[in-house]
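Using the numbering used here, read the sequence shown as starting at 3 and increasing by one per residue.
Just so you know, not all the hints are guaranteed correct.
Unchecked claim - Mimicking EDC-like on lysine to aspartate or glutamate, the simulated pairs with C-alpha atoms at most 16 Å apart in a straight line are:
| id | residue 1 | residue 2 |
| --- | --- | --- |
| 1 | Lys78 | Glu131 |
| 2 | Lys78 | Glu19 |
| 3 | Lys200 | Asp170 |
| 4 | Lys197 | Glu19 |
| 5 | Lys78 | Asp109 |
| 6 | Lys78 | Glu126 |
| 7 | Lys197 | Asp165 |
| 8 | Lys189 | Glu19 |
| 9 | Lys197 | Asp181 |
| 10 | Lys78 | Glu45 |
| 11 | Lys204 | Asp52 |
| 12 | Lys204 | Glu19 |
| 13 | Lys204 | Asp170 |
| 14 | Lys78 | Asp49 |
| 15 | Lys78 | Asp127 |
| 16 | Lys78 | Asp52 |
| 17 | Lys145 | Glu59 |
| 18 | Lys78 | Asp50 |
Said to hold, decoys possible - Simulated DEER-style distance windows between Cβ atoms:
| id | residue 1 | residue 2 | range |
| --- | --- | --- | --- |
| 19 | Asp162 | Pro54 | 22 to 30 Å |
| 20 | Gly99 | Ala190 | 21 to 29 Å |
| 21 | Ile124 | Asp14 | 19 to 27 Å |
| 22 | Leu112 | Glu196 | 56 to 64 Å |
In short, the hints are calculated from the structure, not lab data. A quick note: this is a predicted structure, and the numbers were derived from the prediction, not measured. Idealized CB from N, CA, C, for every residue including glycine.
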Amino acid sequence: MARGTTLTRLLDMLRAETRTSLNPAHNNQVRDQQVLLLQMTQEWLWDDFDWPHLRVERQQPAQNGQRFYDTPLNVKIDRILEIRLRYGQRWVRLAPGIELEHYRQWDSELDMRSWPISRWRIWEDEQIEVWPIPAMNADPTDKEGYLNVVGIRNLNPLVDANDTSDLDDWLLVLFAAADMLAAAGSKAADLKLEKANKRYAKLRGELMPRRRISLGKADGFGTKDLLRGPPRVHYRTT
Numbered sequence: 003m004a005r006g007t008t009l010t011r012l013l014d015m016l017r018a019e020t021r022t023s024l025n026p027a028h029n030n031q032v033r034d035q036q037v038l039l040l041q042m043t044q045e046w047l048w049d050d051f052d053w054p055h056l057r058v059e060r061q062q063p064a065q066n067g068q069r070f071y072d073t074p075l076n077v078k079i080d081r082i083l084e085i086r087l088r089y090g091q092r093w094v095r096l097a098p099g100i101e102l103e104h105y106r107q108w109d110s111e112l113d114m115r116s117w118p119i120s121r122w123r124i125w126e127d128e129q130i131e132v133w134p135i136p137a138m139n140a141d142p143t144d145k146e147g148y149l150n151v152v153g154i155r156n157l158n159p160l161v162d163a164n165d166t167s168d169l170d171d172w173l174l175v176l177f178a179a180a181d182m183l184a185a186a187g188s189k190a191a192d193l194k195l196e197k198a199n200k201r202y203a204k205l206r207g208e209l210m211p212r213r214r215i216s217l218g219k220a221d222g223f224g225t226k227d228l229l230r231g232p233p234r235v236h237y238r239t240t
């Protein structure tokens, strides 16, 4: 996989694949359109697959009484893969989704607090809601009570000549070339698209895990676990 290719090189590759002049002067009028096509192609591919090399982890402390948390920098909220809580000297996966049945146990609108946090969901204004509202502050010494947000980071800019791609260069170029050739009515468009799809399938196959591990109750907190699980501290504030 060839990542980190400069925009200048990507443009040269795209022009070669579409049988366009390699002379930059001959492409002045269409350069912006070619750059935009490469950008859009990379953004589409970024959104279509959880690329392992773009996976990042960001930590932030839970705070007593704090229900909502900002999305970590450089991660869009809809590209969050999972959130874990440091609890009992291990990272415990929080279950996604907060439903009415959970609020019946600890009503966040009434500021009912408990510990540990066990669930999360996407809230408005790009924020994360946790449940129940934490009843203690995180400890910066041993990280007990810290939230670990795992997600796919945002793409780096691909605007200036020396900006580099985050994804495979041939993957970007072949899909972009297929679009350009199809728009021009070229019969070569189907061939480029076939090559692009084959490369995409190959890359995804190489990056997919060989076996999946099912995360059971031992790895996270479910509703039943809350009733039978570890001791909790909870109260209703006045």
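For each hint, the structure was consulted:
1. Lys78 <-> Glu131: The given pair, whose Cα atoms are some 15 Å apart, holds under the 16 Å limit.
2. Lys78 <-> Glu19: Status violated; Cα separation ~33 Å.
3. Lys200 <-> Asp170: 13 Å, holds
4. Lys197 <-> Glu19: 12 Å, holds
5. Lys78 <-> Asp109: 28 Å, violated
6. Lys78 <-> Glu126: The given pair, whose Cα atoms are some 13 Å apart, holds under the 16 Å limit.
7. Lys197 <-> Asp165: Violated, at roughly 25 Å.
8. Lys189 <-> Glu19: Distance of about 13 Å is within 16 Å: holds.
9. Lys197 <-> Asp181: Judged against 16 Å, a Cα distance of about 13 Å means the pair holds.
10. Lys78 <-> Glu45: 13 Å, holds
11. Lys204 <-> Asp52: Holds: Lys204 and Asp52 sit about 15 Å apart, inside 16 Å.
12. Lys204 <-> Glu19: 20 Å, violated
13. Lys204 <-> Asp170: Holds: Lys204 and Asp170 sit about 12 Å apart, inside 16 Å.
14. Lys78 <-> Asp49: 11 Å, holds
15. Lys78 <-> Asp127: 11 Å, holds
16. Lys78 <-> Asp52: Satisfied, since the Cα-Cα distance of roughly 13 Å is no more than 16 Å.
17. Lys145 <-> Glu59: With a Cα-Cα distance of about 14 Å, the restraint between Lys145 and Glu59 holds, given a limit of 16 Å.
18. Lys78 <-> Asp50: 14 Å, holds
19. Asp162 <-> Pro54: 22 to 30 Å: The hint (22 to 30 Å, Cβ to Cβ) holds, given that Asp162 and Pro54 are roughly 27 Å apart.
20. Gly99 <-> Ala190: 21 to 29 Å: 47 Å, violated
21. Ile124 <-> Asp14: 19 to 27 Å: 41 Å, violated
22. Leu112 <-> Glu196: 56 to 64 Å: 59 Å, holds
Going down the numbered hints, you'll see the structure goes against 2, 5, 7, 12, 20 and 21, while the others check out.
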